[in-house]
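Residue numbers (the working numbering), protein chains in the order written: chain P, 1 to 316; chain G, 1 to 368; chain W, 1 to 502.
Certain hints may be false.
[Stated by the list, open to error] Anything over 12 Å on all C-beta distances counts as not near chain G; from chain W, calculated:
(1) Leu34
(2) Val103
(3) Thr133
(4) Asp169
(5) Pro170
(6) Gly284
(7) Val292
(8) Arg340
(9) Thr362
(10) Thr403
[Stated by the list, open to error] Computed list of lysine-lysine pairs in DSSO-like fashion (alpha-carbon distance at most 30 Å, straight line):
(11) W:Lys417 x G:Lys153
(12) G:Lys117 x G:Lys153
(13) W:Lys417 x G:Lys160
(14) G:Lys95 x G:Lys117
(15) W:Lys193 x G:Lys105
(16) G:Lys95 x W:Lys48
(17) G:Lys105 x W:Lys417
(18) G:Lys118 x W:Lys417
(19) G:Lys117 x W:Lys193
[What the hints assert, rightly or not] Below, a sample of chain W positions facing chain P; criterion: calculated Cβ distance under 8 Å:
(20) Ala18
(21) Ile23
(22) Ile138
(23) Phe140
(24) Leu142
(25) Pro143
(26) Leu144
(27) Val149
(28) Ile439
(29) Val444
(30) Ser447
(31) Gly450
(32) Leu459
(33) Leu462
(34) Gly478
Simulated from the structure, these hints should not be mistaken for lab results.
The C-beta atom is built at its ideal place from N, Cα and C for all residues, glycine as well.
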Amino acid sequence: MTLSVSAPSGDAQGMTIVARTQGQLVRRRFFQHKAAMAGLTVLLAIVVLAFTSVGFGPFDGWWKYNWTQTGTVVNGGQPTLTLWPFSLGEHPFGQDNVGKDYFALVMRGAQQSLLVAFLVGIVATTVGTLVGSLSGYFRKWTEAVLMRWTDVMITIPVLLIAAIVGRMAGGSGIIVLGLALGLVIWPQLGRLVRGEVLSLREREFVEAARAIGTRPRRIIFKHILPNTLGIIIVSATLTIANAILLESALSFLGVGVQPPDISLGQLISFYQGAMLTRPWLFWWPGVFIIAIALSINFIGDGLRDAFDPRQNRVRA
Amino acid sequence: MSEILNSHDGVVEDTHVAVRLEDVRPPSDEEILRVENLTVEFPTDDGIVHAVRGVSYTLHEREVLGIVGESGSGKSVSSMAVMGLLPRNARIHGKILYRGDDILKMSPRRQRDLRGKKIAMVFQDPMTALNPVYTVGDQLAEAVLAHELMPRKDALARAKEMLDLVGIPQAEARLRAYPHEFSGGMRQRAMIAMAVINNPDVIIADEPTTALDVTVQAQILEKLIEVKDAVNAAIVLITHDLGVIAGMAHKVLVMYAGKPVEVTDTDSIFYRPRMPYTAGLLGSMPALETTGHRLRPIKGAPPSLINLPPGCPFSPRCPLADEVCVTREPELMLTDGLEHRAACHHWEKMASVEDPTVFFRAESEIKG
Amino acid sequence: MIAFIARRLGISVFVLLAATIIIYVMTALSGDPLADLRQEQGPDREEKMRVRSERMNLDVPIPVRYLQWLGGLLSGDLGVNREGQSVAIILGNALSATLQLVVAATVMAMLIGITVGIISALRQYSGFDYTVTFMAFIAFSLPLFWLAVMLKQYIAIEFNTWLRDPVIDPPVIVVVSLISGLTWGALTVGTQKARLTSFAIGAAVAAVFLTFLSATRWFADPGLGTVVIGLLAFGTAVGVTALFAGLQYRGPLYAALAAAGVGTALSAVMPGLLVDPTWLELFGLLLLTVAVCVGLGYALGGLQRRQAVTASVLTGVVTAGLIFMDALLNAFSAYSRRMRGRPIATIGSNTPNFRGDFWQLTLDSATHLLLPTMALILISLATYTRYSRASMLEVMNQDYVRTARAKGLPERTVIVKHAFRNGMIPITTLIAFDFAGVIGGAVVTESVFGWKGMGNMFLEGLRTVDPAPVMAFFIVTGGAIVICNMLADILYAYLDPRIRLS
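Pulled out of the complex, with its shape left as it was, chain P reads as follows (with noise of 0.2 Å):
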């Protein structure tokens, strides 16, 4: 996955290729990528949804109920969605058994839920980025001490160190819930960034740098990661989509986000015993987990395309 100076591949047969710099051939690959493009489209959607239908912080939203109102309960609490011909009716979503609308709930949940990933996707990468490009170019202490730490996590299940984690912040609130989550599992991204900071600091152009005399804090800034910024923002991405899974997951175990925080698997592991009477209950929370975490997926696949194209490509 080194991104550094690789020209696009293909003279082996002694084609010439149009002179492209490496980030417009990155752009360009990545808006071919029909699966990521469809994934953010469709990211973009459930974000657009999720933060106006029933506001965020002090906006309000356009949608007539918020997550906390109870009502009377219509027709069981059945949802009132069709989409041919496409109409949304009183409860797209239904109701639960005190009739609150669960499409607010379900809004008010992706929120959440995308908000504690992401910032466990920039608390995670920030300091596994700082960690790894220091133990890298540096070796000696830092080296020692990331590695050391990265061993005994791995012998620690994330569900396990997350979840104990998850107990100790999650009744402080999201954001709080979100960086401590951030800073247990920031150790895998920081080994990958090691091991690509290790192998770029042998280079020639590192070492030319060296050799000018260049201070370490401009070699690792200037010449080490913006060489590594690829295989950052795919892991980023992909610990985004990992940090859905992991915090719904946490939600269903009672161990994550809290009330009166509402989250997307706080809410099935709330309406998991209405499975069989209002099954639709359980659906909706998770139809939206795995939209978010997919189309996430998709656009992570896609960078790495557009970073690393060699994995496609047939070689003749």
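Guided by the hints, dock chains G and W onto chain P, whose structure is given.
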């Protein structure tokens, strides 16, 4: 065991005198391999790559044919076509006759029977061409067992014999060694042993020395000639380096942009080139005798094989190019020498001067 | 080798020790262990709090508590939970069920995932490849708990209901046959005609097969019988020989066919002999099978002795497996009656107070394991598929694969011998990582299916801020991960001679 192996790692001393082509039996008139108008195309996202655009040659018993060209000239692709090793999406046309039978028309099964048995191959990079997880002995024995049912013990004995032949000392112990325990030169010797283990008629050597240390290159080439004589095989020697050909090939075929542009005997290539590209290659070659000259690279790059210009593909880089050259592609035609063919509208101009590399020199000196 | 293992174990002990500090301290800090009692109204509130504080040593600082726990661990004492129950006893009950689940899921995921990944790589850009890739993405995006609940609610309940009258509806037969046809068609390379032929054969075979199962109400009283075992055994013999030795020479084929013949003949008498065996006896029989097959391969293999032994041993083991399956399936209808016609279990890891012979007990475990395993496989199946596909694609482009082809080896040998082993090298590093993920998944799965397993012990401990059960969970799973890691390292060194264990 590893200590014994390591102590002999590196250059293996050959005690005998260097073997040259003139020291071994000359070619006979028997035709082993005949390639007729071979073309290979690859469909890609950017268009069709015309990798080989009509190659013809014949190879006689014990003959060494050198194929020279830059990377991308189609020299490797054409020999991979002979081996039947091109990827499935390749479109191959023309004829490849092995002793009169067209390989391209054979069943996959019959092709496989020829491959490694009658036509064997030595690859460019010995560091990656051997499977790292099996012993050298296993990989050699496997080549025998692929074509002949015999006890494994006998196949290993044959493998040992071959390692002796290519000059690997302590062959018995080396059979049990893994490729990573061999030096580059030794691995290439093992590859040669693997190629000749079934007494093939044809050995295709694809840049056999390119990946090796300069000090080992000559040894490997000589070993190739020596081994060829031992098993009575013909060789197709593919290289980008004219220097490798000197004294090692009977005939030379120079390729450019997927086509042969000059075909003749080895001496004529060096002393009487009739295609400016060949002259350019000669001019860019270091030589011991000539001093005071700078090496003169051919300017420019080979053309795209997707959208070839209408005229001579070398014309953009050629000092002799004129109107004709950019409009009409020259055919391979007979020139002044016996059986000396070149694809150039201006071969007579080349013939008119003592040293044809002068055209490249003139240009480089004018332009500074 | 032994020195390597010893050194690795030594390092692992320190790593585990460091991990226990982290987990203990974090668990102890994760909440207030007396929270529930503080809420309580009643005269004995103070007394209860005093008892629990004393039992959990709450009046000493956390590091001291940790050291006390560690001291206990070193003398083989896992401590008590906050209700005073011995953690060792809870663990003893929970351990085997969870290990069964985790190991079954890992092994199945590896076998299926690697096979599918390799086929997908060999058929790159085929319909099959695209479908597998898409399914893998779905699997990467499915929440495990959601799938588990779905399996429990729909598959188990619907399947049990259907078993009362196991007739397959014609539309189901049509759909399954079409899928089967499409799979075969997508796997075939070549002309349109060849693909259509494969499609037709695949669909027709599936249709006939399902109709037959439906008409004979096979699912009500399943079993294989000598004829089916024979057909499958001889089919396996030919398939395995074709894969590992080729059908060019007769020796290996005869050896494998002989193994299949012996197995089929025995299948007629074995059920009578295996009325109520033990696992140890069955293991002994398996060893015997292998020994006999090695003998057959050796005697009949001729010059291809090695391949013949491989082919006959594999055939023998598969046939033995078929005989085992047959015996198990024969016990199914009786078991089903005892379960009042609802054999696929949705709760727990076995039926409480269930007694019966070996087959009944094995079936009871199997029916309880079925759904959780299906759900848990999902965690790693897609990972193994994607990794082995990528790895095989990489390897198939290597120079040594070209060399193998240039020797004139058949494509079968090129793949099975040269590409496969190299392709598996990077997979070994995945095993340990993946195993940790499966353990996490097991916690979720157990929670959905109401197992009183280790996951339950962990979650209960965490909810009640009780470090002892949490630590017991970690000691077992962390230890398992360490062992798994080491197995992966040994496998790596075995596959790649460039790595030396020293």
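Going through the numbered hints above, which ones does this structure break? Give me the numbers in ascending order. 10, 16, 19, 31
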